[in-house]
Amino acid sequence: MADKEFVHPYIPNTNPTSTAAMLEEIGASSIEELFQSIPDHLRYQGSLGLPKPYPSEIELRRNIAKTLENNISFEPHRNFRGGGCWQHYVPSVCDEILSRGEFLTAYTGSRHANVGSFQAQFEFQSMISELTDMDVVSYVTYDWGSAARTALGMAQRITQRCKILVPKNIGPWRSSQIETLLFNSDIVWIDIDPTSSQIDMNNLRDAMGPDVAAIYIENPCYLGNLETQAEAIGALAHEQGAIFIVGVDPLSLGVVEAPGTYEADIVCGTVQTLGIHMFAGGGLAGLLAMRDEERIKTECPWPILGLLETQQKNEFTFGWANFNRTPYELRDESEDFIGTGQTIWAIIAGVYLALMGPKGMQEIGETILQRSHYAAKKIAAIPGVTLPMENAAFFKEFVVNIDDTGKKISTVNAELTDLGFNSGTDLSKSYPRFGQAMLVAVTECHNKEDIDTFALTLEKVVS
Amino acid sequence: MSKSKYLNENFQQTRWAENIIYEHSIDGDRGILPPKTEPEILSEIDESWEIPSSLKRKSKLNLPEVAQLYVLRHYTRLSQMVFGNNVANNIGLATATMKYSPLVNENLVRMKQVAEIHPEQDVRTLQGILEIIYNLEQALKGISGLDHFCMQPGGGAAAIFTNAKIVKRYHEDRGEGDQRTQIITTLNSHPANAAAASSAGFEVIHLPPGPAGYPDIEALKAAVSDETAGLMTTNPEDTGLFNPEIKEWTNLVHKAGGLCVHDQANANGVIGIARSREAGFDLCHFNLHKTFSIPHGSYGGGAGAVGVRDDLERYLPKPRITFDGEQFDLDFDLPDSIGTVRSYLGNTQAQVKAFAWIMALGEKGIRQVAEIAVLNNNYLTKKIAEIKGASISFYPDNTDWRIEQTRFSWKDLNRDTGVDTEDIRNRVVDYGIQTYWPSHHPYTVAQPFSLEPTESVSKADIDELIEVFTRVSEESYETPEVVQNAPHKSSTAAVNPNSFADPPMSWRVYQRRRVT
Numbered sequence: 014m015a016d017k018e019f020v021h022p023y024i025p026n027t028n029p030t031s032t033a034a035m036l037e038e039i040g041a042s043s044i045e046e047l048f049q050s051i052p053d054h055l056r057y058q059g060s061l062g063l064p065k066p067y068p069s070e071i072e073l074r075r076n077i078a079k080t081l082e083n084n085i086s087f088e089p090h091r092n093f094r095g096g097g098c099w100q101h102y103v104p105s106v107c108d109e110i111l112s113r114g115e116f117l118t119a120y121t122g123s124r125h126a127n128v129g130s131f132q133a134q135f136e137f138q139s140m141i142s143e144l145t146d147m148d149v150v151s152y153v154t155y156d157w158g159s160a161a162r163t164a165l166g167m168a169q170r171i172t173q174r175c176k177i178l179v180p181k182n183i184g185p186w187r188s189s190q191i192e193t194l195l196f197n198s199d200i201v202w203i204d205i206d207p208t209s210s211q212i213d214m215n216n217l218r219d220a221m222g223p224d225v226a227a228i229y230i231e232n233p234c235y236l237g238n239l240e241t242q243a244e245a246i247g248a249l250a251h252e253q254g255a256i257f258i259v260g261v262d263p264l265s266l267g268v269v270e271a272p273g274t275y276e277a278d279i280v281c282g283t284v285q286t287l288g289i290h291m292f293a294g295g296g297l298a299g300l301l302a303m304r305d306e307e308r309i310k311t312e313c314p315w316p317i318l319g320l321l322e323t324q325q326k327n328e329f330t331f332g333w334a335n336f337n338r339t340p341y342e343l344r345d346e347s348e349d350f351i352g353t354g355q356t357i358w359a360i361i362a363g364v365y366l367a368l369m370g371p372k373g374m375q376e377i378g379e380t381i382l383q384r385s386h387y388a389a390k391k392i393a394a395i396p397g398v399t400l401p402m403e404n405a406a407f408f409k410e411f412v413v414n415i416d417d418t419g420k421k422i423s424t425v426n427a428e429l430t431d432l433g434f435n436s437g438t439d440l441s442k443s444y445p446r447f448g449q450a451m452l453v454a455v456t457e458c459h460n461k462e463d464i465d466t467f468a469l470t471l472e473k474v475v476s
Numbered sequence: 003m004s005k006s007k008y009l010n011e012n013f014q015q016t017r018w019a020e021n022i023i024y025e026h027s028i029d030g031d032r033g034i035l036p037p038k039t040e041p042e043i044l045s046e047i048d049e050s051w052e053i054p055s056s057l058k059r060k061s062k063l064n065l066p067e068v069a070q071l072y073v074l075r076h077y078t079r080l081s082q083m084v085f086g087n088n089v090a091n092n093i094g095l096a097t098a099t100m101k102y103s104p105l106v107n108e109n110l111v112r113m114k115q116v117a118e119i120h121p122e123q124d125v126r127t128l129q130g131i132l133e134i135i136y137n138l139e140q141a142l143k144g145i146s147g148l149d150h151f152c153m154q155p156g157g158g159a160a161a162i163f164t165n166a167k168i169v170k171r172y173h174e175d176r177g178e179g180d181q182r183t184q185i186i187t188t189l190n191s192h193p194a195n196a197a198a199a200s201s202a203g204f205e206v207i208h209l210p211p212g213p214a215g216y217p218d219i220e221a222l223k224a225a226v227s228d229e230t231a232g233l234m235t236t237n238p239e240d241t242g243l244f245n246p247e248i249k250e251w252t253n254l255v256h257k258a259g260g261l262c263v264h265d266q267a268n269a270n271g272v273i274g275i276a277r278s279r280e281a282g283f284d285l286c287h288f289n290l291h292k293t294f295s296i297p298h299g300s301y302g303g304g305a306g307a308v309g310v311r312d313d314l315e316r317y318l319p320k321p322r323i324t325f326d327g328e329q330f331d332l333d334f335d336l337p338d339s340i341g342t343v344r345s346y347l348g349n350t351q352a353q354v355k356a357f358a359w360i361m362a363l364g365e366k367g368i369r370q371v372a373e374i375a376v377l378n379n380n381y382l383t384k385k386i387a388e389i390k391g392a393s394i395s396f397y398p399d400n401t402d403w404r405i406e407q408t409r410f411s412w413k414d415l416n417r418d419t420g421v422d423t424e425d426i427r428n429r430v431v432d433y434g435i436q437t438y439w440p441s442h443h444p445y446t447v448a449q450p451f452s453l454e455p456t457e458s459v460s461k462a463d464i465d466e467l468i469e470v471f472t473r474v475s476e477e478s479y480e481t482p483e484v485v486q487n488a489p490h491k492s493s494t495a496a497v498n499p500n501s502f503a504d505p506p507m508s509w510r511v512y513q514r515r516r517v518t
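If you read the sequences in order, they're chains A and B.
With the numbering used here applied, the first sequence corresponds to residues 14 to 476, in that order.
With the numbering used here applied, the second sequence corresponds to residues 3 to 518, in that order.
Check the hints yourself; a few may be wrong.
[To be verified] The calculated lysine to aspartate or glutamate pairs, modelled on EDC-like cross-linking and capped at a C-alpha distance of 20 Å, are: (1) B:390 to B:414; (2) B:491 to A:328; (3) A:326 to B:25; (4) A:372 to B:67; (5) A:473 to A:417.
[What the hints assert, rightly or not] Some chain A residues close to chain B (C-beta under 10 Å, calculated; not the full set): (6) 48; (7) 135; (8) 158; (9) 248; (10) 251; (11) 252; (12) 311.
[Stated by the list, open to error] The calculated label-pair distances, taken between Cβ atoms and stated as ranges, are: (13) B:518 to A:446: 39 to 45 Å; (14) A:76 to B:183: 48 to 54 Å; (15) B:37 to A:224: 47 to 53 Å; (16) A:433 to B:12: 58 to 64 Å; (17) B:41 to A:108: 28 to 34 Å; (18) B:181 to A:28: 54 to 60 Å.
No lab work stands behind these hints, which were simulated from the structure alone.
Cβ atoms here follow ideal geometry from the backbone N, Cα and C, with glycine treated the same way.
Build the full structure now, drawing on both the sequences and the hints.
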C-alpha cells in the first residue's frame with residue numbers, strides 16, 4: 014500500500030523509517046493488515062478519478078491561483094452590490110489577527126489551554142450585547158438566515174405555538190432559508206407598503222392573534238429600508254404573548270437605535286459587515302442575541318460562554334454555560350441542529366468593534382447614511398431612473414427602478430460589469446412588483462468621486 | 003517517575019493575565035478612523051439622510067475606546083494563550099480530526115480574487131471560483147462513489163440536516179411521508195444525527211453498542227419497519243471500530259423501503275480505502291473542516307458537503323453549479339430542491355482550500371492520509387493501553403485494529419485513585435499539550451477519553467502525548483491532589499467551582515452584578 018518512495022510534507026510518517034518503527038512496535042506486518050476489519054467487498058480498489066496532483070507547493074500555488082485569476086475582483090470603490098454580503102473596509106489589524114495561526118488552527122479545546130480564544134469570544138458577546146442592548150449573546154451561527162431560523166424556532170418552543178409572521182421585505186435568501194429550515198411551522202407572509210417597504214400594519218394586525226409564536230422584522234430590511242414602526246410592532250407581539258424578533262446589520266447600530274430599546278426579545282443578524290472580507294460569501298456568520306430571561310436563553314441551541322472566576326484573585330476563564338441545552342447533549346430532544354459554526358469571524362468582528370469604539374461606529378454609520386443618500390439623489394436625477402421608495406428612510410441600500418429607460422437590469426448590469434462596475438442586485442425576479450429594479454449598496458468605501466463616476470456611467474448605459 | 007524524552011517538566015503556558023478589552027478603555031482613545039463625508043456631499047443632501055427620530059440611536063453605545071496598538075497587542079496576547087494546532091499537540095481533540103492546515107491554502111484565499119469577490123456578481127466574473135467548486139464536487143464524487151454534490155451547508159450539522167430533509171422529501175414524493183416517520187441512528191454516532199433528524203421532524207431510534215463496540219445487527223432488525231424513513235450513521239463510529247456488517251445493514255434498510263445516510267464528517271481513516279457507495283449508502287456528507295484540512299477557527303470555519311445518488315439529485319439545495327463544457331453557471335430553477343440551507347454557495351473560501359489540499363495530495367496521497375492516520379492511531383492505542391489505569395473501550399470483546407481514532411477509559415484509574423477524566427483533562431495542559439475530548443453524549447464508556455492522531459502528526463508528537471499521559475497516570479497514583487487541582491502551569495488557574503452556577507454571559511451583566 015504505502016509507496017515507500019513518496020514522503021509527503023503534510024504526512025511525516027510516510028517516511029519509511031518511521032513507518033517501519035511503528036509497525037514493529039505494534040507487531041503488524043504491514044499497514045494493509047491494519048485495515049482487516051474492513052471486508053473485501055467494501056474495499057475500493059478502483060481509481061478515485063482525481064486530477065494529477067501538484068505535490069510541489071510552487072506548482073500548486075501557481076495552478077490554483079491561475080484558475081482563481083479567472084475571477085474578476087472589482088475595485089472596492091466600484092462595487093455597489095450588497096443584499097446580504099457587503100463591501101466594507103477591513104482594517105489591517107483585523108487581517109493581522111485573522112492570520113494568527115493560534116486562533117485559526119485551534120478548535121474549542123480547553124478553557125485553560127485556549128483561554129485566549131474563549132476570552133475573544135466572550136468579548137465579542139459583550140460588545141454585541143452593547144450594540145443590540147441584549148444581555149445574552151451566543152456563539153455565531155452559519156449566517157443571518159440560519160440565525161433567524163434559530164430565533165424563530167426558539168420562539169415556537171417558548172410560546173408552544175407554531176404560527177410566525179414574517180414580512181415580505183427580507184429578501185430571497187432568508188425567505189428560502191426560513192422555509193427550508195423550519196419544520197412544523199405556519200409562516201404567514203406579511204405585506205409591505207410599496208412606497209417604503211415597511212410592514213403593512215393593517216395586514217399585520219389582521220394576521221396577529223393568540224396563536225402567533227413570533228413576529229420577525231428586519232431593521233434595515235433586505236431592501237435597505239428602516240422599519241420606523243418597530244416599537245409598535247413589538248408592542249403588538251407582546252400584547253398577544255408572542256416573541257418579537259429583530260434582524261439587524263450591526264454596522265448600523267452606531268446610528269440606529271438598539272433593538273433592545275424597542276423591546277426586541279431576540280436579535281439576529283449578520284456579522285460579515287464587521288471587518289470581514291466577502292470571500293464570495295465565505296465570510297458570512299450570523300449573530301444571535303437575546304434577553305437574559307430563563308425562558309428565552311434556555312431555548313438557545315448555540316453555545317453561550319459564561320465568565321468564570323478562577324482560584325486566582327481577579328483572574329477569569331470561560332466555559333460553555335448551556336452545554337446541557339445544546340444538541341450535543343439533548344440529541345433528538347433538540348429541535349434545532351448546531352455544530353462547528355463560524356467562530357473565527359466572531360473573533361474578527363470583536364477586533365473590529367474594539368477598533369471602532371462608540372465614536373467609530375457612530376461616524377461610520379453617518380458616513381454611510383450621507384453617502385448612500387447622496388448616491389440615491391444622483392442616481393434619481395438620471396432621466397428614466399426613479400426611486401420607488403424615494404421618501405422612505407434607509408440605511409446603506411436603496412431600490413432603483415429603470416422602467417422608463419426601456420432597458421432591462423440584466424442588460425444594464427452586464428454592460429456595467431464590462432465597464433468595471435459591480436452594479437446593484439437585480440430584483441426583477443425576487444421583487445417583480447418593483448419592475449426592472451436593482452438594489453444598490455453604498456458604503457464607506459465609496460467617496461464622492463466614486464459615486465459620481467458610477468452615476469455617470471449608469472446614465473450612459475441606460476440612455 | 004518514568005524517564006521521558008519529550009515531556010517538558012518546566013513548561014509554563016503564556017500567562018499574560020490580559021484584561022478584558024473594556025478594562026483597556028480610556029475615554030476618547032481611538033482605534034481607527036472611518037472616512038468623513040465630503041462637505042460637497044453634505045451641502046447637497048440637506049437633512050434627508052438623518053435617521054427618523056423614533057429610530058435614531060439615543061442609548062449610549064458602550065464599546066471600549068482603545069488606541070490601535072493596544073487593540074493589536076490585546077488580541078495578539080490573547081492568541082498567545084491558545085494551543086492552536088500550529089502551536090501545540092492537538093491529538094487529544096478526537097472526532098475533530100485536527101490536522102495540518104497548509105499555509106499555502108491560506109495564501110490562496112487571501113488573493114483578492116477570493117477575498118474581495120461578491121457571491122452575486124456577474125457569473126462571467128466568477129468563473130475561477132465556480133470552476134474550483136465544480137472540480138471539488140467531482141473529486142468528492144470519486145472519493146465517496148456518490149453521484150452529485152452540493153456544498154451549501156455551513157457546517158457538518160447543517161449538512162446532516164440537509165440530508166435528513168432530502169430523506170423526508172423523498173418519502174413525501176412517494177406518498178409515504180406520513181408513514182415513514184422514523185430515523186434510526188446509533189448512540190455512538192455524532193449527536194448531530196439525532197438532533198438534525200429531530201429538527202427535520204423525525205422520531206429518532208438509537209441503537210446501543212453491542213459487545214463488539216458497534217450495534218448488533220439483530221438490534222437493527224428489531225428497529226426496522228415500514229415506518230423507517232432512513233438510517234443515519236457513522237462508520238467507523240467515534241470508537242474507531244468499523245462495522246463490517248454495514249452492507250447487510252444498508253440492505254436491510256433498503257428492503258424496508260428506507261434510505262441510508264452515511265455520516266462521513268470524519269472520513270480520515272477510510273478516505274481512498276472504502277467508500278459510501280460500496281457500503282450501499284444513498285447519501286453522505288463530509289466536513290471540509292475535518293478530513294479536508296480546513297482550519298477549525300476556534301470552533302468554525304465550518305463547511306459541509308452533501309453527496310447523493312442520481313435519483314436524489316433533484317432534491318439538493320439550490321443553486322447548483324452547472325458546466326456546459328465552456329462556461330460555469332448557476333441554476334436556480336430547481337422546483338424539487340429542498341430550498342436554501344445557507345446563503346449563496348456555502349463557505350466558498352473553505353472549498354478553495356479543500357480543493358487545494360486534494361490537489362497537493364492526489365490519489366496516492368489521499369490513500370496515504372488514511373493509511374498513516376490508521377497506523378498512527380494503532381501505534382498510539384497500543385502505547386496508551388500500556389499506561390496504568392487506562393484501557394481500550396470494547397476490548398477484548400473486539401480485538402480488531404482500530405481505524406482513525408480510539409475511545410479509551412480511565413475507569414481503572416478512577417477506581418484506584420479517585421482521579422477522574424475531567425481532572426486529567428486539566429492536568430495534561432500543564433505539560434504543554436491540548437486537552438482531550440472525553441466522548442460525545444451519552445457516555446457509553448465510563449471515564450472516557452478519545453484520541454485521534456491524524457496523518458499530520460509525527461511519531462514524536464505521539465510519543466510526547468504518551469509520555470504526558472504516563473506521567474499523569476503516575477501522578478494520579480502517587481499524588482492525586484496534584485492532578486485534581488490542575489491546572490498549575492496554564493494561562494489560568496483552576497476554576498473556582500462556585501462560579502459555574504449562573505455565570506454572567508456578557509461583561510455588562512458581570513459589571514451590573516458586581517455593583518449590586
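Each hint, compared with the structure:
1. B:390 to B:414: Measuring from Cα to Cα gives roughly 8 Å; hence the hint holds.
2. B:491 to A:328: Measuring from Cα to Cα gives roughly 14 Å; hence the hint holds.
3. A:326 to B:25: Holds - the C-alpha atoms of residue 25 of chain B and residue 326 of chain A are around 16 Å apart, at most 20 Å.
4. A:372 to B:67: Roughly 8 Å separates the two Cα atoms, so the pair holds.
5. A:473 to A:417: holds, 14 Å
6. 48: Result: holds, 6 Å to nearest chain B Cβ.
7. 135: holds, 8 Å
8. 158: With Cβ-Cβ at 6 Å, under 10 Å, it holds.
9. 248: violated, 13 Å
10. 251: violated, 18 Å
11. 252: Interface hint status for residue 252 of chain A: violated (19 Å vs cutoff 10 Å).
12. 311: Cβ of residue 311 of chain A sits 12 Å from chain B, so the hint is violated.
13. B:518 to A:446: 39 to 45 Å: For residue 446 of chain A against residue 518 of chain B, whose Cβ atoms are near 52 Å apart, the range 39 to 45 Å is violated.
14. A:76 to B:183: 48 to 54 Å: Taking Cβ atoms as reference, residue 76 of chain A and residue 183 of chain B lie about 49 Å apart, which means the hint holds.
15. B:37 to A:224: 47 to 53 Å: Holds, since residue 37 of chain B and residue 224 of chain A (Cβ atoms, about 49 Å apart) stay within the stated range.
16. A:433 to B:12: 58 to 64 Å: holds, 59 Å
17. B:41 to A:108: 28 to 34 Å: Because 31 Å falls inside the window, the suggested range holds.
18. B:181 to A:28: 54 to 60 Å: holds, 56 Å
In summary, the numbered hints that this structure violates are 9, 10, 11, 12 and 13.
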